[in-house]
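Could you build all of it, start to finish, from the sequences and the hints given here?
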Amino acid sequence: DGGITQSPKYLFRKEGQNVTLSCEQNLNHDAMYWYRQDPGQGLRLIYYSQIVNDFQKGDIAEGYSVSREKKESFPLTVTSAQKNPTAFYLCASIEGGGANVLTFGAGSRLTVL
Amino acid sequence: DQQVKQNSPSLSVQEGRISILNCDYTNSMFDYFLWYKKYPAEGPTFLISISSIKDKNEDGRFTVFLNKSAKHLSLHIVPSQPGDSAVYFCAASAWTSGTYKYIFGTGTRLKVLA
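Heads up: the sequence lines are chains A and B, in that order. So for the first sequence, the numbering used here puts the first residue at 1; every next one is plus one. So for the second sequence, the numbering used here puts the first residue at 1; every next one is plus one.
No lab work stands behind these hints: they were computed from the structure. This one's a predicted model, so the numbers in the text were calculated from it and none came from an experiment. Hints may be right or wrong, so weigh each one.
As the list claims (entries may be wrong) - Restraint-style ranges between C-beta atoms, simulated for each label pair: (1) F46(B) to T86(A): 45 to 51 angstroms; (2) N27(B) to G2(A): 30 to 36 angstroms; (3) V78(B) to G3(A): 28 to 34 angstroms; (4) A114(B) to T111(A): 30 to 36 angstroms; (5) Q41(A) to F46(B): 16 to 22 angstroms; (6) A114(B) to G2(A): 22 to 28 angstroms.
The beta-carbon is built from N, C-alpha and C at its ideal position, and this holds for glycine as well.
Right under this line is the structure:
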């Protein structure tokens, strides 16, 4: 079955460490997105990518970095510059060609100790 | 600046009755709207969507209404079932910087009482 795989599901990190969250999709979707969910704040857009080797900052990109070297993969690195990294991170993708349904992965929970 | 707002953080409804979840937006460039259902520690799942050229879309127990002049959309669930208890997010999309950008509201927690 096609879908989006996020790993790891749960991740613990010490302050000052960078961590990379994986997002892989086999839907052949063109655009991919990273969102962050915090209690009471809904989903906020971190980064998005329309095509390989191209990506744009979302509303809360500070302290994060991404790459899009392959169509299927859009990893997110949470750097030590992110002041409040503890959150639930969601990767999503969409087929190109017009407004469409955003498909989400199951999410990754990052906790900074 | 919150472009998509869900002003009710929570809603409780008796089983069998109608649930109405509301969403307001500010950007007139939004042209496609979606509703998602989410359980804790899981990704959101798509429920129903509506294009800005329509004012109603129906799928089984779920109906979405769009009032463009008021910049308001609502999700009706009839009849409500205990399994509908979850957090519901509305989202709005617009073409920007070469792709569709999706903005989400803060969510409404629906509790359906048996």
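Comparing the hints with the structure gives:
no., hint, verdict
1, F46(B) to T86(A): 45 to 51 angstroms, "27 angstroms, violated"
2, N27(B) to G2(A): 30 to 36 angstroms, "31 angstroms, holds"
3, V78(B) to G3(A): 28 to 34 angstroms, "30 angstroms, holds"
4, A114(B) to T111(A): 30 to 36 angstroms, "34 angstroms, holds"
5, Q41(A) to F46(B): 16 to 22 angstroms, "21 angstroms, holds"
6, A114(B) to G2(A): 22 to 28 angstroms, "35 angstroms, violated"
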